[in-house]
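**Student:** Next come the chains, spelled out residue by residue.
Protein chains: 4
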Amino acid sequence: MLTTHPFDDDKLREECGVFGIWGAETASAVVALGLHALQHRGQEAAGITSWDGKSFHSHRAQGHVAGNFDRDDIIRSLAGQAAIGHVRYSTTGETALRNVQPLFAELASGGFAVAHNGNISNALKLRRELNRRGSIFQSTSDTEVIIHLVATSTYRTLLDRFIDALKQVEGAYSLVCLTSEGVIACRDPLGIRPLVMGRLGDAYIFASETVALDVVGATYIRSVEPGELIIVSERGVKSHRPFAAVRPRPCIFEHVYFSRPDSLVDGSSVYSVRKRIGAELAIENPVESDYVVPVPDSGVPAAIGYAQQSGIPFELGIIRSHYVGRTFIQPGDAVRHLGVKLKHNANSALIQGKRLVLIDDSIVRGTTSLKIVQMLRDAGAKEIHMRIASPPTRHSCFYGVDTPERAKLLAAQMNVAEMADYINADSLAFLSIDGLYRALGEDVRDEAQPQHCDACFTGDYPTRLTDHEEHEPADQLALLSERYA
Amino acid sequence: MLTTHPFDDDKLREECGVFGIWGAETASAVVALGLHALQHRGQEAAGITSWDGKSFHSHRAQGHVAGNFDRDDIIRSLAGQAAIGHVRYSTTGETALRNVQPLFAELASGGFAVAHNGNISNALKLRRELNRRGSIFQSTSDTEVIIHLVATSTYRTLLDRFIDALKQVEGAYSLVCLTSEGVIACRDPLGIRPLVMGRLGDAYIFASETVALDVVGATYIRSVEPGELIIVSERGVKSHRPFAAVRPRPCIFEHVYFSRPDSLVDGSSVYSVRKRIGAELAIENPVESDYVVPVPDSGVPAAIGYAQQSGIPFELGIIRSHYVGRTFIQPGDAVRHLGVKLKHNANSALIQGKRLVLIDDSIVRGTTSLKIVQMLRDAGAKEIHMRIASPPTRHSCFYGVDTPERAKLLAAQMNVAEMADYINADSLAFLSIDGLYRALGEDVRDEAQPQHCDACFTGDYPTRLTDHEEHEPADQLALLSERYA
Amino acid sequence: MLTTHPFDDDKLREECGVFGIWGAETASAVVALGLHALQHRGQEAAGITSWDGKSFHSHRAQGHVAGNFDRDDIIRSLAGQAAIGHVRYSTTGETALRNVQPLFAELASGGFAVAHNGNISNALKLRRELNRRGSIFQSTSDTEVIIHLVATSTYRTLLDRFIDALKQVEGAYSLVCLTSEGVIACRDPLGIRPLVMGRLGDAYIFASETVALDVVGATYIRSVEPGELIIVSERGVKSHRPFAAVRPRPCIFEHVYFSRPDSLVDGSSVYSVRKRIGAELAIENPVESDYVVPVPDSGVPAAIGYAQQSGIPFELGIIRSHYVGRTFIQPGDAVRHLGVKLKHNANSALIQGKRLVLIDDSIVRGTTSLKIVQMLRDAGAKEIHMRIASPPTRHSCFYGVDTPERAKLLAAQMNVAEMADYINADSLAFLSIDGLYRALGEDVRDEAQPQHCDACFTGDYPTRLTDHEEHEPADQLALLSERYA
Amino acid sequence: MLTTHPFDDDKLREECGVFGIWGAETASAVVALGLHALQHRGQEAAGITSWDGKSFHSHRAQGHVAGNFDRDDIIRSLAGQAAIGHVRYSTTGETALRNVQPLFAELASGGFAVAHNGNISNALKLRRELNRRGSIFQSTSDTEVIIHLVATSTYRTLLDRFIDALKQVEGAYSLVCLTSEGVIACRDPLGIRPLVMGRLGDAYIFASETVALDVVGATYIRSVEPGELIIVSERGVKSHRPFAAVRPRPCIFEHVYFSRPDSLVDGSSVYSVRKRIGAELAIENPVESDYVVPVPDSGVPAAIGYAQQSGIPFELGIIRSHYVGRTFIQPGDAVRHLGVKLKHNANSALIQGKRLVLIDDSIVRGTTSLKIVQMLRDAGAKEIHMRIASPPTRHSCFYGVDTPERAKLLAAQMNVAEMADYINADSLAFLSIDGLYRALGEDVRDEAQPQHCDACFTGDYPTRLTDHEEHEPADQLALLSERYA
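Chains as they are written, first to last, in this note's numbering: chain A, 104 to 588; chain B, 104 to 588; chain C, 104 to 588; chain D, 104 to 588.
By construction, these hints were calculated from the structure, which means they are not laboratory data.
All values derive from a computational prediction rather than experimental measurement.
Glycine residues also receive a C-beta, built at the ideal position from the N, C-alpha and C atoms.
A hint or two may mislead.
No more than 25 Å apart at the CA atoms, straight line, and that leaves these computed lysine-lysine pairs for DSS-like [as the list claims (entries may be wrong)]:
(1) C:K157 / C:K114
(2) C:K485 / C:K474
(3) B:K474 / B:K511
(4) C:K228 / B:K157
(5) A:K270 / A:K228
(6) D:K485 / D:K157
(7) A:K270 / A:K341
(8) C:K157 / B:K228
(9) A:K157 / D:K341
(10) C:K270 / C:K341
(11) D:K457 / D:K157
(12) D:K114 / A:K228
One side only, chain C facing chain B, incomplete, derived with CB under 8 Å [unchecked claim]:
(13) R235
(14) S238
(15) Q241
(16) P345
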């Protein structure tokens, strides 16, 4: 049976969140709280590795942080003043657990654990080479190549080996590593995925988003800079710049959807940016109507911005249930045909006979938008004008975001008029790419050297895509997965 | 270890939701969807009983509807065209399962299942009498007395026996019963708890709220009227009026907090009433400030109403995590002292240096308000003016709502000024009782014959409280529970 | 998929074991050990109820005693100096748990728990009457009628009510009850099922078999006598004789198969009786052969007796795996055709070319014997002479033993020659009924007043079989079960 | 709380059983049955890996074969006509699962799975070297070094790489490997651990014992010879002899205790050898007494042999419960002092006042013997003469058998008289080493070139013990384990 909340599945999904701490008394308990605050970045598996000065301890589990890492016995088993953690999307079965991070290896130089947000775009090529030389992989994860590159590096110190490894990989990576010599945080030269640094008493923290600092009561210091590598240890904090400098291109979609509204991403308030996006959208695409209605919860800040800019009242025309998680299964074939509204229900008494501006953050496959519009029409809405708080999503992401193949992206197949027709809206409009950059405080997108990675909108990828360019990489990975299954 | 979401615990809690259907092909699957939509009325246990023309089938479980009643094997085992279901709060252990409804008994006249929202206020007295005559109770539930009264009634027909039973009970009851002769729905003479009727194809449905009709795709017909008893069977729908007529007094708190905003309660849109409550609050208690900020999610509709009435912008100054359910436990004693913000986090970038009107639906113990205000202050808010969308909650409820003892209700101990001081707000104001009645479309509360049960605000209970008036009823019930433990 | 140990299913099965204690510090822990020693009397469910001077505590579970009642938290929750317990066969599902004993009811006079070994043969008739008068049954168990008879009795004291109840029931019952006034043990007037009394320090114990006394370190005092009712309380031990005296007829099959060889049943060593049975078998049915081989483990004592009497060497020609419990399921349809010998395997090196006397305790359906003989032939045995340590089992038991319907008993369908042919043995012989009585120390079966219940061999039932004689009792019980399902 | 069956813990324990098949339709189902028959060789974890012509499939689990590998879904997921499996002792936790075999690696040449019975005695040394060159270990298992040696071998074909790897390892290994090119079985040059070959239709099977062939209905062909390597593939069966020939020294303890009595070990019937051992024991150490009583079940065949030789009757003086597995935990501290006889109970009625010859297979720590003797004395035995069916166990095993450190072996600390005193027996005697060789058909132990590995009795180890001789190998392994914990 299929899932009953089709709406969730029609989003791009951030694939990971990372968190690390050095110098706190119950490091793993802090990591558990931090991961909980990052749960929206990966809901299917979580793991923590700690170092107690003598030994490394790991626990990895499928499912939410809650239910796995709020157990005293587990937290106690993860002893020590340093720990790192990871949340991710993942599949089921014994094998899958091997892909849950942090990945850990006992190297000749000592234990080495790594938590990775991003995607190595030449991982398959590197894997084949390492395999040929006798390295045995435990997982199908792209992250594992980093560990084997470190293990087989001919440099002498762990730091040099790690830098040697990173210089061979392409793609996006925000890494938090745990070794007996300290916690190492590193962001790829383009800074595609976010990573911030904070302080909790004497301890230092690295996290994907500032909300994880808030939740554990830590103070935000700054973002780890693109291309920066920071080591925190008993000898203090040390910053390295091992890569040639390039203009950074952090992911623009973090502002549109991935990050929580109460986070700062590269110094900007996500909530404020989303409200400005809504305001730009109102300026670019005004429409006469009675209410501005968000698709909850992701469309809410942009809808508030749209309402304030346009003067049209903001109203909750759709009510979201608190009880629909990812696990609910629709019981019984016979109820399939029922208008199942388990996740979202129209506020009929409100919208009856009204003209609505409906705000959502993006359209991926379009299946959700289609159903939402139909639900509002069934509930009596007179006109539905859909406004999307980002440009059309036309290209897949290869940097750690779960996107459908291009062929399934609605905007890759249709123009805006066709899309409006398809989702059955009275009108449909997207924010322009320049409007999006304006909401971020830029005048315009710098076509020569874009300020962000916006490849999902523009197809302008900032790195080589080695595995993708060699033929049939998906097949090869599928083969690997199958062999491990 | 304590729970980490103190905020949830500081609410009055509806104790039950009921749902029944007669005449649908996969009745139990429809009931499962309906219960899912009523999950906010009882999150700790759920049950369904079905009748397939020959046999009754039951499944009852602790936990959410999802995870228990979305399994094909369970739904298939609940065969038949008629079924009723129940969600409730409950405790743990084998014994507790006996209290999960629907309760079922094999009477001499055939099977009889009952799902009850409300509370029988002379249940202990009746139980003692029945016990003395040889009736053996399976549960500690007040609902079970109804079954034994039916079983031992000297009337001949099941309907007469059921009415005979109801005439002996006092208190609040919205009942949905399943028998081999039909589904019976009944609301007590005062109509304290809600109950609505709908239609899905040829099938008839009864449910606590209209949202459950929406979710299964059914059409709303009308409320079951106070004192009305409706039987749906193969012979059609038949309404009875077995009780002497009295002026109804439906629970006013359903509009304030219990019901979902997309439900109609006794014909009124809950969302609209809550917005009008916010508007009345703005009229009665205006204050100069920068933003209107709701405590999410229950304070949102009133905050929108307040913002629209006052012209002050509505903003999300507090962000709510989607991942905090009732089960999350804070890991590690050592992190207790951290400012744990797992459920609610301040949107610091927004509220820094601002004056806020903070809207919540009610104050029960005050512990939540205290922490929310502190969190906003820590995040830099300049002024915090708390406005509550109901009058002070000063009295316990004896009609199926989980309230603390009076001694723990903040408003029973302090006046408004003291409360403002306690929660550390710059100002605090509650809606007046007449303001609440105005939001519901009345001119004023009718002191002689109040239009609603508002005992939690006024102490004016509409029925006798037999068990409560006899000494130490809590002790007696505790004793019962203990014996069964 | 079918079970892989067909051999187990071809036995009569004792349906229950009971254990009770008054006056021990951790009564429930002693009960858990005692039940563990009685596990062979009921492997599918177990329960314990304790009384701590104020409250009753119960835990009942499906599965073995180990895994359920060896957990500290559960034993701690079963507080008090008095407790009773029960092991039984049972079916699966929520409903089934209601049938797991001890059954407990809160009567007007206080809590009353009962554990029952046996079967009430007029239970359905009594149930119908009680139901008509308003009693509501929680289970489909025959035992529950006793509780309702006590609850509705018009006598004044609990003891009088209990005796009043017992006088209305027919059939077999060894009962251990727990009340706030003491532990009550009682055996039906014929003493069909066993029950013994022991002492552990100051505490008194009742148990189905003496092995349970051994395991907890208690001393055996004596059997509870047929028709005797004993109350143990703070006021000491008191014996009652509420019934008219009749000649006892304890079950003869306890000696043949049900009881453990290290138990004493009504004063006789089960091991010694089984050895004498083997010796009688050798006298009645001698055969020339190389080895005496038991079907392990139930055939071992009789085989030792046969070997010692005949002078033919005792050898392990069949080896039994320790790892086949009731839960093993044969994996994969495709291996069905393989000669699956998971439970028993032939000791081929030994039996190759040899003539064997094969000893088993009984033949029920014959399916096991057929397979064992075939397995020994496949392993190279030259001749197989099967000798059965009891007379042919020709009749069903209605006193608490799980027997197939008569139509499925091999000996009810065939004479001995046909049976030999069916199981493909070179010869087959059963012990005579008088041989069995001789092994028990009698000269001969007293046809006028048999010394035992031997109805399974003779069809001579010692009580009325009210439910069985009224038409279709099985159908009625099936109907009840279905309604509860 | 401690385990309640102290008796089990006082045995040497075989650490593994292996099984492999090539060419059967549902290979994994056959492996599951085979592993079930080998369960006594390793009860704590089991695994199966299959190859379906395209992909490898693995399932590994803690616990018994039953409950894990009798599930249709799991067997179906292990598709293909070739599969290998393993049972073992292991510890708990996520990490431990990594040590459960078969171990699997995706080598550059394809998938490679290995199941190992035995122990590599230079594994730590090899591991350090491999680690230094960049190999990353997944487990703490000695078996994994074989895989890395294959992966990093510079030979070209898989077979050459495998032989290259084996030539570097010391110790005991009976291996069954699964590759896309066939199933490979191999026994170390000394043949320390057993391995047999059989046939099931067109399929070939390898297994630790012949009982696994019996149970799946296969025919026994022969033992894999010491130093032999056999490949079974589509191209047929091919035998290799990669090692220099040495005189084999198979483990003598397989005959004493490890193997099942219905197995053939290197061509000899285990049951017959054990009976001859009992006879030799009777000849060497006769004693006047009433009964020969085995400690069940391991002492039974030797006791039968002793009884037949001596003419003293064989009797079951101790009864073993079927329901004590490894998981039973004694409930409640307060019952610790009770004479807990959950596993073994004295048959008091039999032994009262009698002189007993008590037969057990070996004495390890002596704790069990002490308790058994005491239990028999408490039950009234007049004299207890203990006879042990092997020489005193004085040395640890380093070849895949779980032995306590030497300091805990009773026979390493005391002479026989002291031991008799310690266990409180009236007399105690062990079989001589030459008596043991005689029971195996030899005239005498060949001191120059012993026919078996009997190091546990003699301290005469047939291989180098590299890791043991380098200092503190246990500490190093402990350290490894800890790092992985």
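**Student:** A separate judgement is required for each hint: does it hold in the structure or not?
**Tutor:** A quick look at each hint next to the structure:
1. C:K157 / C:K114: 43 Å, violated
2. C:K485 / C:K474: 16 Å, holds
3. B:K474 / B:K511: Holds, because 17 Å separates the two Cα atoms, which is no more than 25 Å.
4. C:K228 / B:K157: 22 Å, holds
5. A:K270 / A:K228: 14 Å, holds
6. D:K485 / D:K157: 68 Å, violated
7. A:K270 / A:K341: 20 Å, holds
8. C:K157 / B:K228: Holds - the C-alpha atoms of K228 of chain B and K157 of chain C are around 22 Å apart, at most 25 Å.
9. A:K157 / D:K341: Not OK: K157 of chain A and K341 of chain D at ~49 Å, beyond 25 Å, violated.
10. C:K270 / C:K341: 20 Å, holds
11. D:K457 / D:K157: Violated, at roughly 66 Å.
12. D:K114 / A:K228: This hinted pair is violated, its Cα atoms lying about 52 Å apart.
13. R235: 5 Å, holds
14. S238: 7 Å, holds
15. Q241: 5 Å, holds
16. P345: 21 Å, violated
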